[in-house]
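Q: These protein sequence lines map, in sequence, to chains A and B. In terms of the numbering used here, the first sequence opens at residue 1 and continues consecutively. In terms of the numbering used here, the second sequence opens at residue 1001 and continues consecutively.
Honestly, the hints are just simulated from the structure, not real lab data. Just so you know, not all the hints are guaranteed correct.
Incomplete in silico selection of chain B near chain A, CB under 10 Å [said to hold, decoys possible]:
#1 Ala1014
#2 Val1037
#3 Gly1050
#4 Ile1092
#5 Ala1106
Below, a list of computed lysine to aspartate or glutamate pairs in the DMTMM-like style, where the Cα atoms sit at most 25 Å apart [what the hints assert, rightly or not]:
#6 Lys60(A) to Asp1003(B)
#7 Lys60(A) to Glu1081(B)
#8 Lys1164(B) to Asp6(A)
A virtual CB, placed ideally from N, CA and C, is assigned to each residue, including glycine.
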Amino acid sequence: MPPIPDGVPMSFYLGLSAILFVIGVAGFVFRRNIITVFMCIELMLNAVNLSFVTFANYHKQVSGHIFTFFVMVVAAAEAAVGLAIILTVFKNRTTLNIDEVDSLKN
Amino acid sequence: MVDLLFFGIFAAIAVLCAINVVLQKHPISSALSLVGVMGSLAVLYLMLGGVFIAMAQIIVYAGAVMVLFVFVIMLLNAGIEVRRGRSWMATIFGVPALLGLLGVLACLLARWFPDAPTIKFGDFTGGGAKEVGYALFTEYLLPFEVTSVLILIAILGAVVLARKELD
């Protein structure tokens, strides 16, 4: 049995980030509620942020944190606009199911 | 050793909550699970030395963004999602394709960082508010200012979209 390392291997953080990203993709593809789909996008953004912070630690630079900060800002702006769009869709069509919002299809 | 224990606990919480986000039928349960993911990620950021980012994660994500989500869920009275039959392609290839994606990501990471070091708590202390603020207002000043324009446009867009009359 290998000795238990002092500290956490960097690959664990990156692996966790990959796992969270894939779970986010799964929710994005499989879920049908437009709000849940939106939450899965946030989950993917968070997974990428974890990679950024891990690489900031690896390179001992603060740039990764700045990038994470910008991703957070963009995510907040995206949430505001996206939820306004969801409100408008619900007002016009009274549904949150993305299968029923298909007026651009065909 | 303690690092690994903490990482294990919070990584497990993050993954379980993330799976819960996808599996729950009701959007409010998904939203609360997502708060769990964000909280545990904030702890991991702290372990990686990102003090400022961890606090911003708690305040901006777990606070502001998720409150917005929960507010919209309540406002729209979103219920349990209606399941319809999905295509046979999704049923057969969905999960294997996702596992393939995970495999590709893991393989790429292992290829790029074959000698990835171990990260100890306290190795990197350059993630405090002082360092982040200094970088933000010197090297990254232009992106920071552009961000304020982005936020302004997002506010205007949200107001225009959610207006009462939409003709």
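Q: Compare the structure with each hint and give your call.
A: Evaluated hints:
Look at alanine 1014(B): its Cβ gets to within about 6 Å of chain A, closer than 10 Å, so that hint holds up. Hint on valine 1037(B) holds. Least Cβ distance to chain A is approximately 6 Å, under the 10 Å limit. Taking 10 Å as the C-beta contact cut-off toward chain A, the hint placing glycine 1050(B) at the interface holds, the least distance being around 5 Å. The beta carbon of isoleucine 1092(B) comes no nearer than 13 Å to any beta carbon in chain A, farther than 10 Å, and the hint placing it at the interface is violated.
About 6 Å separates the beta-carbon of alanine 1106(B) from the nearest beta-carbon of chain A, less than 10 Å, and the hint is met. Taken as a hint, the lysine 60(A) and aspartate 1003(B) pair is honoured in the structure, with Cα atoms around 19 Å apart against an allowance of 25 Å. For the proposed pair lysine 60(A) and glutamate 1081(B), the alpha carbon gap of about 45 Å is over 25 Å, so the pair is violated. Note on lysine 1164(B) and aspartate 6(A): the hinted pairing is violated, with a Cα-Cα distance of about 58 Å set against a maximum of 25 Å.
Hints 4, 7, 8 from the list above are not met by this structure, while the remaining hints are.
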